[in-house]
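These protein sequence lines map, in sequence, to chains A and B.
Those letters in the first sequence? Residues 5 to 99, per my numbering, in order.
Those letters in the second sequence? Residues 5 to 408, per my numbering, in order.
It is worth saying that the hints were derived from the structure and are not from the lab.
Please note that the accuracy of each hint is not assured.
Unchecked claim - With a straight-line Cα cutoff of 27 Å, these simulated DSSO-like cross-link-like pairs (lysine-lysine) come out:
#1 B:K354 - A:K18
#2 B:K257 - B:K119
#3 B:K354 - B:K290
#4 A:K7 - B:K342
#5 B:K257 - A:K18
#6 B:K257 - B:K290
#7 B:K342 - B:K354
#8 A:K16 - B:K342
#9 B:K42 - A:K18
#10 B:K342 - B:K42
#11 A:K16 - B:K333
#12 A:K16 - B:K290
#13 B:K42 - A:K16
#14 B:K42 - B:K333
#15 A:K18 - B:K119
#16 B:K333 - B:K290
Claimed, not checked - Stretch-level coverage of chain B by chain A, calculated; a stretch enters the list once three of its residues show a Cβ under 8 Å from a Cβ in chain A:
#17 31-41
#18 83-92
#19 107-117
#20 287-293
#21 327-340
It should be emphasised that the depicted structure is a prediction, and the values quoted were computed from it without experimental measurement.
C-beta atoms are modelled at their ideal positions from N, C-alpha and C, and glycine is treated no differently.
Read off the chains here:
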Amino acid sequence: MNKPVEFPRHTKGKRPSFFSDPDLDQMLTFLVELTTEVSVLRDRLDTVEHLLDTKGTISRADIEAFVPEGELAEIRQAARRALVNRVFRMHGTRD
Amino acid sequence: MASEQQQAGVPSVEDCYEPNHDERSRQSFVGVFRDFTKRNMRGELERLYREEMEPAIAARGEQVPETGREIEALMENVPYYRFYSSLRYNSQEMMYLAAMDPIERVAGEMNVRGKAIAEARPTGGTLELNADVALPRYTTALDVHLAPGSFHAEYTEDDLSQAALLAYGSSIGLGANVHRAGDLGGVGRSIGHWLTQKFPDFRPRRILDIGTQSGKNLFGYIDSYPDIAAYGVDVSAPTLRFGHAKAEKLGYKVHFSQQDAENLSFPDGYFDVIVSSFFFHEVPIKVTQNILAECRRLLAPGGVMAHMELPSHSHCDAYQNFYWDWDTKYNNEPFYEKFRSQDFNELMTKAGFPAADCFTTTVPNYETTNLDEYSKYLTGELETPMHGLGGWFVFGATDQPSPY
Chain A
5 MNKPVEFPRH TKGKRPSFFS DPDLDQMLTF LVELTTEVSV LRDRLDTVEH LLDTKGTISR
65 ADIEAFVPEG ELAEIRQAAR RALVNRVFRM HGTRD
Chain B
5 MASEQQQAGV PSVEDCYEPN HDERSRQSFV GVFRDFTKRN MRGELERLYR EEMEPAIAAR
65 GEQVPETGRE IEALMENVPY YRFYSSLRYN SQEMMYLAAM DPIERVAGEM NVRGKAIAEA
125 RPTGGTLELN ADVALPRYTT ALDVHLAPGS FHAEYTEDDL SQAALLAYGS SIGLGANVHR
185 AGDLGGVGRS IGHWLTQKFP DFRPRRILDI GTQSGKNLFG YIDSYPDIAA YGVDVSAPTL
245 RFGHAKAEKL GYKVHFSQQD AENLSFPDGY FDVIVSSFFF HEVPIKVTQN ILAECRRLLA
305 PGGVMAHMEL PSHSHCDAYQ NFYWDWDTKY NNEPFYEKFR SQDFNELMTK AGFPAADCFT
365 TTVPNYETTN LDEYSKYLTG ELETPMHGLG GWFVFGATDQ PSPY
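I would like the entire structure built from these sequences, with the hints used as guidance.
Written as structure tokens, this is what we have:
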């Protein structure tokens, strides 16, 4: 039996620090990851709402198997962009 | 195009890759987030520099920056730049992280299928691995592009999972990029089409792709020249395994071999076309020089060498150089800036190409160009968009005349 593949979760090479305090680099990573999980959770909720609208019932299997297509996929993509624009609102820019 | 010619009965290494509901969501978010850093934030940073910082320097009567490095030194004190860099760096890490769990679940199955395809080789393509080929230090010292395992890591027997990580990780990153979306060898398709138009009488017999990784660029050249014999070389075994399995499934006959491009096994003058894509900026200049000398040795009379690369410093203004060279320090590509500082024509003449044969050009991106107007790009009537935004920068050499 071959060994299972386990990728390292860290990159070889020194991770740069972009801020005066390297703890800020770490905090920003926490923030980005947390925002990602909010988006994932929002999609899951949207799947539940969609299944209730179209089918009237939900099950874990139905949620896992659900793949958004067409207009719904576009709506979700727009929602992700809006989430990023709100969370990463930079001071003093024109965007 | 390629998907229409899937070989029936050939197992696919790819269709066992099935991210679950939340993994797909995470990947989609990372694609959007990365696009936000590489498009929205990139655009705002450029506006900040061109419309505010540079005019303010000029208004004070001071010399405005003339190099990318001078701009970088100014930027280090600008909060927007620090957040842009940090978020962009995070997004790069995350695109690989978001692909790992679903690949790990099926890596064993992928490897079994890859091995079966390599043995069956329905199109007659070949896979020649050579464990004696030493991995050059420039590929192993750092994880290039921040991809854990870089180009070459192997975790088990017959392993191609690292190539899957590179392919699926970067497709997450390109997901929201209109110029690269659905990229299945778009560079090869672009240069392949350019060759057919620029040199209408050219009938190349063999093509070599250097640093081919999974060989996807060769697919585009094969579509342009269906009778061409295609060869791809790389030092990384996992990418060659993955590439061979994918090529056989898609019906492309490609000969993959594990070789160091500084010292190739082919006879002199064996190839009519020699190409690479985003390759040279990953290797030291001395190695670039040696590889170009190999290209000179291998290119047949009347052949065309065409390497797609980042434009050199001399083709860009100071701000563009600042933008591109970011990757040198922050995307683990230590030779990137040094490569871009070179005179590409000089690199080629040093390798033995006659100066009159050498060229640099920007080739229209096949995916985003109106092909009905293609000849206008060749005559210069239409200007090809810059590298990365609808065009691909190419340097190369040929002794073949072109009607354009």
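Hint check results:
Distance hint between K354 (chain B) and K18 (chain A) is unfulfilled; the C-alpha atoms sit about 35 Å from each other, more than 27 Å. Among the hinted pairs, K257 (chain B) with K119 (chain B) is consistent with the structure: their alpha-carbon atoms are about 17 Å apart, no more than 27 Å. Taken as a hint, the K354 (chain B) and K290 (chain B) pair is honoured in the structure, with Cα atoms around 11 Å apart against an allowance of 27 Å. A distance of roughly 40 Å separates the Cα atoms of K7 (chain A) and K342 (chain B); the hinted pair therefore is violated under the 27 Å criterion.
Restraint check: the Cα-Cα separation between K257 (chain B) and K18 (chain A) comes to about 41 Å, which exceeds 27 Å; the hinted pair is violated. Distance hint between K257 (chain B) and K290 (chain B) is unfulfilled; the C-alpha atoms sit about 33 Å from each other, more than 27 Å. Between the alpha carbons of K342 (chain B) and K354 (chain B) the distance comes to roughly 17 Å, so the proposed pair stays at or under 27 Å and holds. Note on K16 (chain A) and K342 (chain B): the hinted pairing holds, with a Cα-Cα distance of about 21 Å set against a maximum of 27 Å.
Distance hint between K42 (chain B) and K18 (chain A) is fulfilled; the C-alpha atoms sit about 22 Å from each other, no more than 27 Å. Simply put, K342 (chain B) and K42 (chain B) have alpha-carbon atoms about 23 Å apart, close enough for the 27 Å limit, and the pair holds. Taking the CA atoms of K16 (chain A) and K333 (chain B), the gap is about 13 Å. The hint holds against a cut of 27 Å. The straight-line distance between the Cα atoms of K16 (chain A) and K290 (chain B) is roughly 24 Å, inside the 27 Å bound, and the hint therefore holds.
Taking the CA atoms of K42 (chain B) and K16 (chain A), the gap is about 23 Å. The hint holds against a cut of 27 Å. A distance of roughly 16 Å separates the Cα atoms of K42 (chain B) and K333 (chain B); the hinted pair therefore holds under the 27 Å criterion. With a CA separation close to 36 Å, the supplied pair K18 (chain A) and K119 (chain B) exceeds the 27 Å bound. Distance hint between K333 (chain B) and K290 (chain B) is fulfilled; the C-alpha atoms sit about 20 Å from each other, no more than 27 Å.
With 6 residues having a beta carbon nearer than 8 Å to a beta carbon of chain A, the stretch 31-41 of chain B meets the requirement of three or more and the stated coverage holds. Requiring three or more residues with a Cβ within less than 8 Å of a Cβ of chain A, the coverage given for the stretch 83-92 of chain B holds, as 7 such residues are present. Beta-carbon proximity to chain A at under 8 Å applies to 5 residues in the stretch 107-117 of chain B; the threshold of 3 is reached and the given coverage holds. Note: the stretch 287-293 of chain B has 0 residues with beta-carbon separation from chain A under 8 Å; the three-residue rule is not met and the coverage is violated.
Coverage of the stretch 327-340 of chain B by chain A holds [criterion: at least 3 residues with CB-CB distance below 8 Å; count 3].
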